[in-house]
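With the hints in hand, could you dock these two chains into one complex?
Sequence lines, in order, name chains B and D.
According to our numbering, the first sequence is numbered sequentially starting from 1.
According to our numbering, the second sequence is numbered sequentially starting from 174.
Think of the hints as simulated: they come from the structure by calculation, not from any bench.
Heads up, a few of these hints could be off.
[Stated by the list, open to error] Covered stretches of chain B (in silico footprint by chain D; criterion: 3 or more residues with CB under 8 Å from a CB of chain D, positions within the stretch not fixed): (1) 17-31; (2) 35-49; (3) 60-66; (4) 94-100; (5) 109-117; (6) 139-150; (7) 157-166.
[Said to hold, decoys possible] Taking lysine to aspartate or glutamate and the DMTMM-like style, the derived pairs with C-alpha atoms no more than 20 Å apart in a straight line are: (8) D:Lys232 with B:Asp61; (9) D:Lys213 with B:Glu32; (10) B:Lys8 with D:Glu211; (11) D:Lys213 with B:Asp43; (12) D:Lys217 with B:Glu32.
All C-beta atoms, glycine included, are put in the ideal place defined by N, C-alpha and C.
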Amino acid sequence: MKGPLKFKRRPATALVAMANSLSMGDAVPGDELRQIIGAVVSDRAERAALLAALRASNDPDCGLAVADLLTAFATEAAEAEAQARDADQVIGQWAQRLAAGALLASFGATIADTVTGGLAFGLTLLSFSGFVFATASRIGGRVKMRRRAQERESAETLARHVLEAGKLKKEGK
Amino acid sequence: MFEAMGLETVIVSTIVGACALSFGASAYLFMRARPAAEAKDLDKIVQNAPYHRLHNVLKVEAGS
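Looking at chain D on its own, in the form it has when it is part of the complex (with noise of 0.2 Å):
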C-alpha cells in the first residue's frame, strides 16, 4: 500500500499528523485554561448587593 509512496513521504507525512494533532490538543488545553470572564466589576457587585435586607440583622453602613 505504501510503496508506491516511498518512504519519505510516508515518515514526512506522519510526523507532520503527530505535529498538528498535538498542537491541536495544546491549542484546546490553552483555551480551557484561559481565565474565565467576570461577569462584572467586584466594587459594582459589592455595591448593589441587597444590603436591605439586613437591616434589623446586621448594621451595614450605607456608604462605601
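So that you can see chain B by itself, here it is in the shape it has in the complex (with noise of 0.2 Å):
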C-alpha cells in the first residue's frame, strides 16, 4: 500500500498533523479533535487515507501517537454509550411502563363508570399521547446508543490496523 507522494489537506491528514503535533507538546482543543477522529473513523475514504498516510509518514512513533487518540476517543464513546444504555434502561422503560399503566387504568375507570364524560374521554387521549411519547423518546436515545457503539467499534477496529500497519513497515514489507 503506497500512498500519493503529496496529502490532500482532509481529516485523515488533519489528524496525524494533531497527533504529532500532540506529541510534540503542542496543545490541540479537544473538541475539534474529538470531531475530527469521529469524522475519521466513520468515513472509509478517510480511514484509507489515514492508513496510507501513516505509512509514508517518516516518523515511526507517528502511527502510535494517532493509534493512541483513536482507543481514547474509543473509551470515551463506550462510556457515553454506557450513559445512553442506563437511561434507557432505568428511565425510559419506566415511563414506558407508567404511561402503559396509565393508559390501562384510564380503561378501567372508563369502564367501571368511576369517570365519565368528557373527563373520562380527556384521561384516554393524555395517557395513550403519554404512551406514544415515551415509546418516541426511547427509540431516540437507543438510536444514539447504536451510533455510540459503531463508533466505539470503528475506533477500535481502526486503532487496530493503524499498529498493524506501523509492524508492517518497520519489517518493511
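In C-alpha cells, the structure reads:
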C-alpha cells in the first residue's frame, strides 16, 4: 500500500498533524480533535487515507500517537454508550410502563363508570399520548446508543489497523 | 384519608400524576438524545490543523 507523494488536506491528514503536534507538546482543542476523529472513523475513504498517510510518514512514532488517540476516543464513546443504555433502562423503560399503566387504569375507570363523560375521554387521550411520547423518546435514545456503539467499534478496529500498518512498515514489507 | 376526596378525584389525580411523570421522563430522554452542538465547521478545522508540524514527517499540500 503506497500512498501519493503529497497528501491533500483532509480529516485523515489533519488527524496525523494533530497527533504529531500533541506529541511535540503543542495543545490541540479537545472538541476539534473529537470532531476530526469522528469524521475519520465514520468514513471509509478517510480510514484508507489515514493508513496510507501513516505508511508514508517518516516518523515511526506517529502511528502510535494516532492509535492512542483513537483508543481514547473509543473509550469515551463506550462511556457515552453505557450512559445512554442506563438512561434507557432506568428512565425510558419505566416511563413507558407508567404510561401504559395509566392507559389501562383510565380504560378500567371508564368501563367501571367511575370516571365518565369528557373527563374519561380526556384521561384516556392523555395517557395514550403519554405512551406514544415515551416510546418515541426511547427509540430516539436507542438510536443514539447504537451510533455510539458503532463509533466505538470502528475506532477500535482502526486503532488496531494503524498499529498493524506500523508493524508492516517496520518489517519493510 | 381518601374517603373525603371521592373515588373519582383519587383515580383522576393518580392517572394525571403518572402521565406527568412519564411525560417528564420522556422529555428528559429527548433532551439527552439531541445531538451535541458541533464545535466548529469540519472544513475549517481541517484547514486550520497544525500541518506545519508535519514538515519533515509527511508532505501535505498547502491548498485544499
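Is lysine 8 (chain B) close enough to glutamate 211 (chain D), meaning Cα to Cα at most 20 Å?
-> Status violated; Cα separation ~23 Å.
Cβ contact check, 8 Å cutoff: the stretch 157-166 of chain B against chain D, three residues minimum = The restraint on the stretch 157-166 of chain B is violated, since only 0 of its residues have a Cβ under 8 Å from chain D and three are required.
Taking only the CA atoms, is the gap from lysine 213 (chain D) to aspartate 43 (chain B) under or equal to 20 Å?
-> holds, 19 Å
Count the residues of the stretch 94-100 of chain B with a beta-carbon closer than 8 Å to any beta-carbon of chain D: does the count reach three?
-> holds (count 5)
Coverage of the stretch 139-150 of chain B by chain D, judged on three or more residues with CB within 8 Å = holds (count 4)
Given the hint that lysine 217 (chain D) pairs with glutamate 32 (chain B), does the C-alpha gap stay at or below 20 Å?
-> The hint holds at about 10 Å.
Taken at face value, is the distance from the CA of aspartate 61 (chain B) to the CA of lysine 232 (chain D) at most 20 Å?
-> holds, 16 Å
Closer than 8 Å, Cβ to Cβ, for at least three residues: run that test on the stretch 60-66 of chain B against chain D and report holds or violated.
-> It is violated: at least three residues are needed, and the stretch 60-66 of chain B offers just 1 whose Cβ sits closer than 8 Å to chain D.
Taking 8 Å as the C-beta cutoff, is the stated coverage of the stretch 109-117 of chain B by chain D satisfied by three or more residues?
-> n = 3 at 8 Å, threshold three: holds.
Chain D over the stretch 35-49 of chain B, status - at least 3 residues with CB closer than 8 Å = The restraint on the stretch 35-49 of chain B holds, since 3 of its residues have a Cβ under 8 Å from chain D and three suffice.
Compare the distance between the alpha carbons of lysine 213 (chain D) and glutamate 32 (chain B) with 20 Å, and conclude whether the hinted pair is satisfied.
-> holds, 7 Å
Mind taking a look at whether chain D covers the stretch 17-31 of chain B? Criterion is 3 or more residues with CB to CB distance under 8 Å.
-> holds (count 9)
Consistency with the previously given hints fails for numbers 3, 7, 10, ordered from lowest to highest.
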